[in-house]
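Peer 1: Listed here are the chains, written in short residue letters.
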Amino acid sequence: MTVDKNMNILIVDDYKTMLRIIKNLLKQLGFNNVDEALDGSQALQTFQSKEYGLVISDWNMEPMSGIELLKEVRGGSKNADVPFIMITAESKTENVIAAKQAGVSNYIVKPFNAETLKQKISSVIGDF
Amino acid sequence: MNDPASANGFGRDKVVKIISSVLSKVSEAEEISRESLYKDLKDLQDIIHDARKEISFARPSDIQDKHIPTATDELDLIVKSTEEATSSIMDSCEILEQEADKEGGPSAFVVSEEVTKIYEACSFQDLTGQRVTKVIGSLVTIEEKVSKMIDILGSRLPGMDVPEEEEATGDAALMNGPQAPDKAISQDDIDKLLAEFD
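Chains as they are written, first to last, in the working numbering: chain U, 1 to 128; chain H, 1 to 198.
Please keep in mind that the hints were generated in silico from the structure rather than gathered at the bench. We put the beta carbon where it would ideally sit given N, CA and C, even for glycine. Careful, some of the hints might be misleading.
[Stated by the list, open to error] To give a feel for the contact side, a few chain U residues facing chain H, derived at Cβ under 10 Å: (1) Gln28; (2) Glu90; (3) Ile108.
[Claimed, not checked] Below, a list of computed lysine-lysine pairs in the PhoX-like style, where the Cα atoms sit at most 20 Å apart: (4) Lys80/H - Lys117/H; (5) Lys27/U - Lys16/U; (6) Lys92/U - Lys192/H; (7) Lys148/H - Lys53/H; (8) Lys66/H - Lys148/H; (9) Lys25/H - Lys42/H; (10) Lys92/U - Lys183/H; (11) Lys102/H - Lys27/U; (12) Lys118/U - Lys192/H; (13) Lys42/H - Lys17/H; (14) Lys192/H - Lys100/U; (15) Lys42/H - Lys53/H; (16) Lys80/H - Lys16/U; (17) Lys50/U - Lys78/U; (18) Lys134/H - Lys80/H; (19) Lys183/H - Lys110/U; (20) Lys23/U - Lys110/U; (21) Lys192/H - Lys110/U.
Given the sequences, and given the hints that come with them, work out the whole structure.
Peer 2: Structure representation (structure tokens):
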């Protein structure tokens, strides 16, 4: 599988600093087309206006959480099968199971490092 | 923890006994002894007076007026200082990245200046640790005050049940924030768990 590094990536987190960290790490990995959203509802609006190759989302956000966003995306948006990685501090078994049942592609627990992010992205979109 | 009510001889059993005695005397009105009824009611008044005094000594209003505002202010400052520090460190990292790409190599002066800024920004950890200690202190005080009031009210007022907190359900029950290291599962455990679905 050839990875298109020009694909659009949507990152969602209510902490601007975390958005900045993820965006910079993606930039170091060669992905430059990165859009940001501060919660699930903002992400959904952005999602409707553009085609995305990957979504990376936090879980714990208001008013719409990451799991709600995932369910909305999988539940019938135009790009319902987009790879979706959850990056979160929620690290209970029931969270991982709930995310998987909702259709998450991979799950990263905070704090994480650049290598883990790279591995998980590779696992859902292919080696790059 | 000592039971303050029992220690003073004004426990729940005594309250129940006095009330039963008063009711019994009132129901047998023709044989009622005014002095006896007065003594029972006076005992009840003393119990209520002592309970009010002890609750007042616990200064419950301090929780709302002092301890909660202190804790929330400290937590706000922690969020603010960590955000500022992270932002400052990232500013320096971005400058260093740009510097590294410059023709002829990076300027030692710029590198040194930015590294110094990173060191300075990292000092937030010290302040954050102190603020967290203050928050813990406030929470311990609140816990002590609430426990004391529960002891006073719970042991002296018969039949006073504390309602159980409603538990969150659905997606709301899954938003608990960061776990303590001994309760969290690792990235490896998460990977294994996900693999079981494949």
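Peer 1: Decide, hint by hint, whether the structure agrees.
Peer 2: Evaluated hints:
Hint status for Gln28/U relative to chain H: holds, with the closest Cβ pair at about 9 Å, below 10 Å. Because the smallest distance between the Cβ of Glu90/U and any Cβ of chain H comes to about 6 Å, under 10 Å, the interface hint for this residue holds. Against a cut-off of 10 Å between C-beta atoms, the interface hint on Ile108/U holds, since the closest Cβ of chain H lies about 7 Å away. Between the alpha carbons of Lys80/H and Lys117/H the distance comes to roughly 18 Å, so the proposed pair stays at or under 20 Å and holds.
For the hint pairing Lys27/U with Lys16/U, the CA-to-CA distance comes to about 16 Å; that is within 20 Å, so the pair holds. Taking the CA atoms of Lys92/U and Lys192/H, the gap is about 13 Å. The hint holds against a cut of 20 Å. As the CA atoms of Lys148/H and Lys53/H are separated by approximately 12 Å, the hinted pair is consistent with the 20 Å bound. For the proposed pair Lys66/H and Lys148/H, the alpha carbon gap of about 18 Å is at most 20 Å, so the pair holds.
Taken as a hint, the Lys25/H and Lys42/H pair is honoured in the structure, with Cα atoms around 15 Å apart against an allowance of 20 Å. Between Lys92/U and Lys183/H, the direct Cα distance comes to roughly 8 Å. Compliance with the 20 Å bound is thereby established for this hinted pair. Between Lys102/H and Lys27/U the CA atoms are separated by roughly 18 Å; this keeps the pair inside 20 Å, and the hint holds. Between Lys118/U and Lys192/H, the direct Cα distance comes to roughly 18 Å. Compliance with the 20 Å bound is thereby established for this hinted pair.
For a cut-off of 20 Å, the pair hint linking Lys42/H to Lys17/H stands: about 14 Å separates their Cα positions. Using a Cα cut-off of 20 Å, the hinted pair Lys192/H and Lys100/U holds, with the two alpha carbons roughly 12 Å apart. Of the supplied pair hints, the one linking Lys42/H and Lys53/H holds, its CA atoms being roughly 16 Å apart against a limit of 20 Å. With a C-alpha separation of about 12 Å, the suggested pairing of Lys80/H with Lys16/U holds against the 20 Å cut-off.
Between Lys50/U and Lys78/U the CA atoms are separated by roughly 10 Å; this keeps the pair inside 20 Å, and the hint holds. The straight-line distance between the Cα atoms of Lys134/H and Lys80/H is roughly 16 Å, inside the 20 Å bound, and the hint therefore holds. Note on Lys183/H and Lys110/U: the hinted pairing holds, with a Cα-Cα distance of about 14 Å set against a maximum of 20 Å. A hinted pair counts as satisfied when its Cα atoms are at most 20 Å apart, and Lys23/U with Lys110/U qualifies at roughly 16 Å.
For the given pair, Lys192/H sits about 17 Å from Lys110/U by alpha-carbon distance, which is consistent with the 20 Å threshold.
When the structure is compared with the earlier hints, no violation turns up for any of them.
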